[in-house]
Each structure stands twice: as C-alpha cells, then as structure tokens.
Amino acid sequence: MGRFVQIVLVVLAIPLVVGGYMFANHLTVRNVSAPDAVYSVPYATHGGTVYISPDERNLLNAGWAAGGALVVAQLVLNAVRRRQRGA
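Quick note: the sequence shown uses the numbering used here, first residue 212, plus one each step.
Simulated from the structure, these hints should not be mistaken for laboratory data. Cβ coordinates follow ideal geometry from the N, Cα and C atoms, glycine included. Be a bit skeptical, because a hint or two may be false.
What the hints assert, rightly or not - What follows is a set of in silico ranges between Cβ atoms, one per label pair, in the way DEER data are often shown: (1) L270 <-> R294: 34 to 44 Å; (2) L270 <-> I225: 36 to 46 Å; (3) D266 <-> R214: 36 to 46 Å; (4) G259 <-> L286: 41 to 51 Å.
Assemble the whole structure, with the sequences as input and the hints as a guide.
Here's what the structure looks like:
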C-alpha cells in the first residue's frame, strides 16, 4: 500500500511541476507594461514585475498549495513507513 501511494504522489507531482513551469513561463513573457483593468495584480519575477489577473494569481497560489500538500504527504508517508519498520 505504501509503495502504491508513493507512486501516486510522484505521478501527481510530475504534471504539477511541468504545468507550473509552463504557467510561470507564460506569465513572464507577457503583460510587462502598466496594468489595465484585466491584468492588475503585480507579480515579481526574476526578469522584473509583470501584471497578472486575479484568476492567474489564484492559480499560482493553488499550485503552491498543491505542491506543498504533495511534499507533506510524501514526508508523512516516509514517517509512517519508518515507524512500521521500527515496530
């Protein structure tokens, strides 16, 4: 069971990382000018500040939260497996 859950976590993490990279890359190559009504949220990047929509900001935050949840799930799974081996 533990090995299956670990494989599921890895399979879920791969599209999250690839999708996050593609989304962040998309954000850094557009909307570098002053904000208008749609793109009004400043987002700091390595290349300067770009402006994104509130929906894009929510997607970014959801991606960070999902990545954090996967890391926590992996750490919990590893702790449970270590505890089962020690018992």
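Structure-based check of all given hints:
{"no.": "1", "hint": "L270 <-> R294: 34 to 44 Å", "in the structure": "36 Å, holds"}
{"no.": "2", "hint": "L270 <-> I225: 36 to 46 Å", "in the structure": "18 Å, violated"}
{"no.": "3", "hint": "D266 <-> R214: 36 to 46 Å", "in the structure": "38 Å, holds"}
{"no.": "4", "hint": "G259 <-> L286: 41 to 51 Å", "in the structure": "35 Å, violated"}
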